[in-house]
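Going line by line, the protein sequences match chains A and B. Under my numbering, think of the first position of the first sequence as 600, with each following residue one higher. Under my numbering, think of the first position of the second sequence as 600, with each following residue one higher.
Do not rely on the hints blindly, as some may be mistaken.
The calculated SDA-like cross-link candidates involving lysine to any residue, where the alpha carbons are at most 20 angstroms apart (straight line), are [claimed, not checked]:
1) B:K705 <-> B:R722
2) B:K866 <-> A:N915
3) B:K898 <-> A:P823
4) A:K898 <-> B:E833
5) A:K797 <-> A:Y887
6) A:K898 <-> B:P823
7) B:K898 <-> A:G896
Keep in mind the hints are simulated off the structure, nothing from the lab. Quick caveat: nothing in here was measured; it's all calculated off a predicted structure.
Number of protein chains: 2
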Amino acid sequence: MRSDADSPLPQRPVIAVVGAGAVGAYYGGRLAHHGHDAHFLLRTDFDAVRKYGWTVRSCHGDFKLPADSLRVYDDPAKMPRTDLVLVTLKTTANDQFEPLITPLIKDNTSILTLQNGLGNEERLAELFGGHRVMGGMAFVCINRVEPAVIHHIAEGLVTMGEFARPPGPRVKSVAAMFETAGVPARVVDDLALGRWEKLIWNIPFNGLSAVLDQTTDLLLGSPPGDELVRAIMEEVIAAARGAAGVDLPRSLIESRIELTRGMGPYKTSSHLDMQAGRPMEIEAIFGYPLRRAQQGGVKTPLLWALYRLLKLRDSNRSGA
Amino acid sequence: MRSDADSPLPQRPVIAVVGAGAVGAYYGGRLAHHGHDAHFLLRTDFDAVRKYGWTVRSCHGDFKLPADSLRVYDDPAKMPRTDLVLVTLKTTANDQFEPLITPLIKDNTSILTLQNGLGNEERLAELFGGHRVMGGMAFVCINRVEPAVIHHIAEGLVTMGEFARPPGPRVKSVAAMFETAGVPARVVDDLALGRWEKLIWNIPFNGLSAVLDQTTDLLLGSPPGDELVRAIMEEVIAAARGAAGVDLPRSLIESRIELTRGMGPYKTSSHLDMQAGRPMEIEAIFGYPLRRAQQGGVKTPLLWALYRLLKLRDSNRSGA
Numbered sequence: 600m601r602s603d604a605d606s607p608l609p610q611r612p613v614i615a616v617v618g619a620g621a622v623g624a625y626y627g628g629r630l631a632h633h634g635h636d637a638h639f640l641l642r643t644d645f646d647a648v649r650k651y652g653w654t655v656r657s658c659h660g661d662f663k664l665p666a667d668s669l670r671v672y673d674d675p676a677k678m679p680r681t682d683l684v685l686v687t688l689k690t691t692a693n694d695q696f697e698p699l700i701t702p703l704i705k706d707n708t709s710i711l712t713l714q715n716g717l718g719n720e721e722r723l724a725e726l727f728g729g730h731r732v733m734g735g736m737a738f739v740c741i742n743r744v745e746p747a748v749i750h751h752i753a754e755g756l757v758t759m760g761e762f763a764r765p766p767g768p769r770v771k772s773v774a775a776m777f778e779t780a781g782v783p784a785r786v787v788d789d790l791a792l793g794r795w796e797k798l799i800w801n802i803p804f805n806g807l808s809a810v811l812d813q814t815t816d817l818l819l820g821s822p823p824g825d826e827l828v829r830a831i832m833e834e835v836i837a838a839a840r841g842a843a844g845v846d847l848p849r850s851l852i853e854s855r856i857e858l859t860r861g862m863g864p865y866k867t868s869s870h871l872d873m874q875a876g877r878p879m880e881i882e883a884i885f886g887y888p889l890r891r892a893q894q895g896g897v898k899t900p901l902l903w904a905l906y907r908l909l910k911l912r913d914s915n916r917s918g919a
Numbered sequence: 600m601r602s603d604a605d606s607p608l609p610q611r612p613v614i615a616v617v618g619a620g621a622v623g624a625y626y627g628g629r630l631a632h633h634g635h636d637a638h639f640l641l642r643t644d645f646d647a648v649r650k651y652g653w654t655v656r657s658c659h660g661d662f663k664l665p666a667d668s669l670r671v672y673d674d675p676a677k678m679p680r681t682d683l684v685l686v687t688l689k690t691t692a693n694d695q696f697e698p699l700i701t702p703l704i705k706d707n708t709s710i711l712t713l714q715n716g717l718g719n720e721e722r723l724a725e726l727f728g729g730h731r732v733m734g735g736m737a738f739v740c741i742n743r744v745e746p747a748v749i750h751h752i753a754e755g756l757v758t759m760g761e762f763a764r765p766p767g768p769r770v771k772s773v774a775a776m777f778e779t780a781g782v783p784a785r786v787v788d789d790l791a792l793g794r795w796e797k798l799i800w801n802i803p804f805n806g807l808s809a810v811l812d813q814t815t816d817l818l819l820g821s822p823p824g825d826e827l828v829r830a831i832m833e834e835v836i837a838a839a840r841g842a843a844g845v846d847l848p849r850s851l852i853e854s855r856i857e858l859t860r861g862m863g864p865y866k867t868s869s870h871l872d873m874q875a876g877r878p879m880e881i882e883a884i885f886g887y888p889l890r891r892a893q894q895g896g897v898k899t900p901l902l903w904a905l906y907r908l909l910k911l912r913d914s915n916r917s918g919a
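All chains should be modelled from the sequences, with the hints used to inform the complete structure.
Laid out in structure tokens, this is it:
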């Protein structure tokens, strides 16, 4: 049976979580904790998790995944073929899609990427066929605090949709599976709209926070930062419209800024990456949208500059 | 006798150096060391200099200015009226022009500002009359290494011209005075051209280095930084032309970048200020040129953003 958007997942799907950092461990962990047949591919914490299992401290209720109940792997060749691949790799590892995911694929395997930014579904579709691909956005504040210990601080909603087509039974069954496992999930009609809606926040706040090493409250604490954030948001709206035919309402600017003011001294993921000397997700969050804008003939000088400032930050980081 | 550009300075002028940080101490110090009647107004190092004099370690020859031969002041009211006021204040103190300089002025007093950026001559002209004002650019690498100790590392040329008119006997006599005291000095026909020529370097390199906390070699070490520097230089050229009628040759872009590559891991003054938690000269180097461009209808989105990034850096610096 060929995987497609019109068929729901099997009743008890075999699930592979590819890239079990904090996000993969949390969402995959909720599924495993609920009794799903989840298999985790990980690298950094492989030894620790195999030995101690995962400890998840969550604002929605702590839980443990004991080592003897967990199926963790450091090599996809050792994993079963799956019904659903949950991609939670950092986008900086997207060049590993082919070797990591190919061994997990059979005829009816579906793929859901929960990664940041743009271009992930497109790349997965190129490699494995667009009919397999769904995309989702994790609105969650989550950290790995030490090996095998995850701290889920706030939020947790996942929104998901089909890649380049309207939602059908498949994505609805995936969302239902998340809901049953204790993860708020919502199906979106238009995944592209959802992606760009998320970028209108990520591009200014991830970008400026990482360039300047400043939390979001500092960015919004004076007119220069407020003006920069708004001007970058305007460019994202123009890029979404001109490059992807996505109409973002201008009211998003005000509402996202208000939301962010309420978050206090928040550190974006790019800011945390920068401070820790880890590679930032520059291409997915900034480079891909910029190239889309350029292809669509949309002028985005601030995004152009921000992308380059981040590349400089990244290439000259300690240890790079 | 009214001061004007057609009369040379008196034979042995009374000189006030206003703001004797590193630049003022060095240039004023060369004049004093040569026997000129120089009076120094300073704040930070007043006690140290009054006690120990100045020690100048210079690539052009060390010298000392013993305390008993120096005339240093912490209050302009105690100083004599002067023939020449040498303004070497940091531009962040330009709001002190009136109280600091007014007591030094008599009918024939001339004023030479050696400050960075744009707008200094204009402000002095507003306050004291344009006929008094000359401007100069110090191409020098100089630091105050400890109280009363100045380290002159490299270069040292001063170029100077009359404000808003061609050079005449006055500015030539000032340049000759510098030359005689051991400071290479050159008279420029067009001070505005000279100011913008300097900005084509200062705006990209001071700006990016302070935003990113990176030395100039890192900025030029990869395509993203090279592209940013060039794009900002293009904006400065457009601003100079559209806002001030100043035609900067495009060949400056290449030559300034080559020059900078030869400078190695150089720290700009804004970078040093940022690292030390001192206010940066944002308005003179970035804000004034940006406002000129806006008044001239020239679009400079990168300069617009750079100015705001620097304001954020500055307002959220440690201790600000």
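Item to check | Hint consistency between B:K898 and A:G896 [alpha-carbon to alpha-carbon, up to 20 angstroms] | outcome: Holds, because 18 angstroms separates the two Cα atoms, which is no more than 20 angstroms.
Checklist entry - Does A:N915 lie within 20 angstroms of B:K866 when you go C-alpha to C-alpha? => result Given that 20 angstroms is the threshold and the Cα spacing comes to 15 angstroms, the pair holds.
Checklist entry - Regarding the pair B:K898 and A:P823, is the alpha-carbon distance no greater than 20 angstroms? => result holds, 18 angstroms
Checklist entry - Holds or violated: B:K705 with B:R722, Cα cutoff 20 angstroms? => result holds, 18 angstroms
Checklist entry - Is A:K797 close enough to A:Y887, meaning Cα to Cα at most 20 angstroms? => result holds, 14 angstroms
Checklist entry - For the pair supplied as a hint, A:K898 and B:E833, is the alpha-carbon distance within the 20 angstroms limit? => result Distance ~17 angstroms between A:K898 and B:E833 Cα, so the pair holds.
Next on the checklist: A:K898 and B:P823 were given as a pair; does the straight-line alpha-carbon distance stay at or below 20 angstroms?
Outcome noted: Status holds; Cα separation ~18 angstroms.
Of the numbered hints stated above, none is contradicted by the structure.
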